[in-house]
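Q: Residue numbers (numbering that gives the first Met the number 0), protein chains in the order written: chain A, 0 to 267; chain B, 0 to 267; chain C, 0 to 267.
There may be inaccurate statements among the hints.
It does not matter which identical chain is used: a pair holds within one copy or between any two.
[Claimed, not checked] Simulated pairs of lysine to any residue, SDA-like, Cα-Cα distance not exceeding 20 Å:
1) K84 - H73
2) K80 - G133
3) K135 - E255
4) K146 - Q125
5) K80 - R261
6) K135 - R256
7) K17 - G191
8) K137 - G212
9) K80 - D142
10) K146 - I14
11) K12 - G191
Since the hints were derived computationally from the structure, they do not count as laboratory data. All values derive from a computational prediction rather than experimental measurement.
Residues per chain, in single letters:
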Amino acid sequence: MGYFKQRYEELDKAIREKRPMIHHITNYVVMNVTANVTLAMGASPVMAHANEEVEEMVSFASAHILNPGTLSPHWITAMLKSGRKAKELGIPVILDPVGAGATRLRTDTCRQILEEVRPDVIRGNQAEVMVLAGEKAKIQGVDSLEKGETPIEALRTMARQTGSVICVTGPVDYITDGERTFAVENGHPMMGFVTGTGCSSTTAVAVYCAGGGANAETCALGLGVFGVCGEMAAEECRGPGSFQVAILDALYNAPERNLGARLRIREV
Amino acid sequence: MGYFKQRYEELDKAIREKRPMIHHITNYVVMNVTANVTLAMGASPVMAHANEEVEEMVSFASAHILNPGTLSPHWITAMLKSGRKAKELGIPVILDPVGAGATRLRTDTCRQILEEVRPDVIRGNQAEVMVLAGEKAKIQGVDSLEKGETPIEALRTMARQTGSVICVTGPVDYITDGERTFAVENGHPMMGFVTGTGCSSTTAVAVYCAGGGANAETCALGLGVFGVCGEMAAEECRGPGSFQVAILDALYNAPERNLGARLRIREV
Amino acid sequence: MGYFKQRYEELDKAIREKRPMIHHITNYVVMNVTANVTLAMGASPVMAHANEEVEEMVSFASAHILNPGTLSPHWITAMLKSGRKAKELGIPVILDPVGAGATRLRTDTCRQILEEVRPDVIRGNQAEVMVLAGEKAKIQGVDSLEKGETPIEALRTMARQTGSVICVTGPVDYITDGERTFAVENGHPMMGFVTGTGCSSTTAVAVYCAGGGANAETCALGLGVFGVCGEMAAEECRGPGSFQVAILDALYNAPERNLGARLRIREV
């Protein structure tokens with residue numbers, strides 16, 4: 000555990016000094032929330048979605064989030080354009096497949112992003128991520144899903160097939176690049192009663208990718224940090240309203256609250 | 000009063016167990032707020048407005064809100080499409096005619112939704128609702144309005160003509176299906192200093208329609224619950240910032256705070 | 000200092016009595032925040048961006064904000080339409096050139112608004128404002144910028160050339176109409192860790208323009224009031240989450256907290 004604590008402290012310090020710019024193309028519901036999460040973590044948010052400017056804007060970014068949570072057709076073309084540009088420039092792209100599986104538009108859009116952009120990271124819940132898995136991974140996943148377990152082997156296969164780090168969040172988060180796999184046990188059930196906590200965990204992943212490169216370890220650290228702040232907020236809040244306030248305060252005050260000691264990350 | 004307390008407790012329990020999905024097509028200003036209100040009440044929010052997916056999405060919903068607060072032309076077609084689909088599937092549709100009367104676009108859009116969708120419920124302030132009333136209701140309303148009273152008889156006529164439950168919120172809320180009429184005396188003036196409280200009261204109505212069907216009684220209960228939580232929040236807050244936090248906490252904690260005892264609903 | 004305190008008290012009272020309507024065309028990220036700032040200051044917000052209704056809507060307004068923070072092409076035409084209409088009707092127009100200089104789309108849009116609308120006020124940070132300055136002002140500004148100073152003489156030139164009151168916010172805010180120049184020393188670094196504080200300071204300027212006309216003094220007062228509330232919030236908060244809550248409470252409670260005594264405005 001000492002390793003992750005130390006690595007977290009290095010990255011947290013680097014991020015707050017460097018203030019990396021995180022370009023979000025995200026949904027209307029959470030834009031304000033994820034901008035504030037970015038700032039509280041010491042990074043700098045930009046939200047821009049116009050086809051006319053996304054390629055120019057993303058070139059200033061240190062990480063790029065694609066979140067099709069409230070789609071319109073011209074947002075899809077913008078996501079593909081800026082996603083491709085980011086990849087061309089070596090800027091980490093993180094896909095948050097909100098609602099994949101719920102409607103054809105969302106599933107198809109996420110699949111198209113997967114194929115045409117090849118994101119460095121995919122962060123979603125189990126249902127969203129498994130919808131995007133290929134046949135082999137899906138077949139592997141059936142057994143685990145029937146037992147109510149996270150289909151870790153299927154995620155590993157998916158990571159190898161897509162070349163993306165796969166992050167599935169839930170009571171325990173699993174992160175894998177196909178070779179190394181991490182489990183993160185931080186977080187709190189109250190997070191399910193506030194809109195945008197999933198999207199915000201994607202922001203945390205993006206901030207850590209901006210700080211330390213897009214790999215399974217930085218993704219795990221981002222999710223761990225966000226989860227610990229969720230725990231801290233839950234300890235102090237009276238409900239989801241005060242939780243929202245407290246988690247931003249916790250993210251901001253992380254350096255002074257010995258957050259690293261509470262990280263529960265292990266390699267599995 | 001015992002009846003409403005008991006009915007509230009049944010519905011509150013049923014909603015938190017069932018977690019009904021409430022599909023909102025609503026304005027940018029309040030999306031985050033109403034999503035959080037939905038969650039705090041124990042239901043599940045979805046925001047989706049693309050013409051390409053609204054019919055598919057609404058089929059999973061237990062209630063559907065149409066709120067033209069920040070319109071664009073392609074949002075109007077989406078509202079009509081998903082509203083019609085919801086009606087076809089027997090899913091309650093709640094119209095929040097934000098700004099009806101302020102501009103022709105808003106008035107016309109609300110009238111078109113009224114005619115083509117035939118919403119189960121309309122929830123607005125007195126001015127917005129009266130703009131949508133037919134000639135007979137308008138004429139009936141003139142006397143009351145001149146005396147500064149709520150034009151209850153006009154609302155009853157409007158309910159009979161439209162087939163919608165009409166909910167007019169204000170210092171006292173009135174809810175009528177043309178036969179039965181309820182007055183709800185819960186609420187607090189601080190609600191006027193926070194954006195989205197009107198839209199959130201519509202969400203509360205939708206959540207209760209999802210739990211107990213779209214009728215005058217469930218609408219009155221939804222408004223009563225929201226109003227009591229507003230009172231609780233006002234007692235604890237220092238201004239509109241802390242009010243916003245406290246009302247979400249109150250909605251979430253309702254089951255433990257004997258909310259039902261504070262409901263002030265009566266049939267008139 | 001007594002003069003500004005007195006002038007603030009007059010305007011604050013007038014605004015809360017009159018409840019002027021502030022029509023915002025602004026970005027998705029901050030809509031909810033700036034609507035709440037408007038309400039907490041005692042004014043009334045409207046957000047509307049459809050080309051089909053902006054001219055009608057703006058005619059009811061006492062001030063109009065154009066903020067191209069999350070652009071799409073049809074928003075640009077709407078801003079030009081409603082901006083021109085507002086000017087025609089003598090309604091103060093305030094431009095917040097978010098991201099001018101970052102992408103060509105933003106810079107070009109702001110320049111087009113500058114030329115075609117001729118806003119009464121421009122409120123931005125130093126980089127955004129200087130991008131919009133003409134050649135003469137830019138040349139004048141180089142020396143100051145090299146020394147790390149605010150290029151006050153360049154701002155004066157820009158004000159005379161554009162006919163706009165120029166407001167540059169930063170550690171010290173500078174406001175000039177080309178003749179009179181004010182420095183405002185209120186504010187707090189925590190404001191940089193919450194999204195939308197810049198946009199909200201524009202809202203504060205618009206509210207004061209609605210209350211007392213668009214001139215350098217009312218703009219300075221708006222920025223001073225917002226800055227003092229930022230200081231009050233910073234004294235009470237534990238981080239950016241609780242800061243957001245506290246600043247809305249402070250704006251709402253301003254009349255009872257002797258805010259005027261803390262204004263640090265001087266003519267330079």
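Q: At 20 Å max between alpha carbons, let me know whether K12 reaches G191 within a copy, between copies, both or neither.
A: between (29 Å within a copy, 18 Å between copies)
Q: Reference check for the pair K135 and E255, CA-CA at most 20 Å: within, between, both, or neither?
A: neither (46 Å within a copy, 48 Å between copies)
Q: Have a look at K137 and G212 and pick one of within, between, both or neither, based on CA distance no larger than 20 Å.
A: neither (29 Å within a copy, 39 Å between copies)
Q: Are the CA atoms of K146 and I14 at most 20 Å apart within a copy, between copies, both, or neither?
A: Neither: 40 Å inside a chain and 28 Å across chains, both beyond 20 Å.
Q: For K135 vs R256, is the C-alpha pair at or below 20 Å within one copy, between two copies, both, or neither?
A: This pair counts as neither: shortest intra-copy Cα distance 44 Å, inter-copy 51 Å.
Q: My question is about K17 and G191: at a cut-off of 20 Å on alpha-carbon distance, are they close within one copy, between copies, both, or neither?
A: between (31 Å within a copy, 15 Å between copies)
Q: At most 20 Å between CA atoms: does that hold for K80 and G133 within a copy, between copies, both, or neither?
A: Neither way: K80 and G133 sit 24 Å apart in one copy and 33 Å across, limit 20 Å.
Q: Pop the pair K80 and R261 into one bin, within, between, both or neither, using alpha-carbon distances up to 20 Å.
A: Answer is neither; intra-copy 39 Å and inter-copy 49 Å both fail.
Q: Between the shortest in-copy and the shortest cross-copy C-alpha distance, which are at most 20 Å for K146 and Q125: within, between, both, or neither?
A: within (14 Å within a copy, 54 Å between copies)
Q: Within a copy, between copies, both or neither: which one fits K80 and D142 at a CA-CA cutoff of 20 Å?
A: Answer is neither: 38 Å inside a copy and 40 Å across each miss the 20 Å cutoff.
Q: Between copies, within a copy, both or neither: which fits K84 and H73 at Cα up to 20 Å?
A: Close inside one copy (17 Å), not across copies (24 Å); limit 20 Å.
The structure is inconsistent with the numbered hints 2, 3, 5, 6, 8, 9, 10, although it conforms to all the rest.
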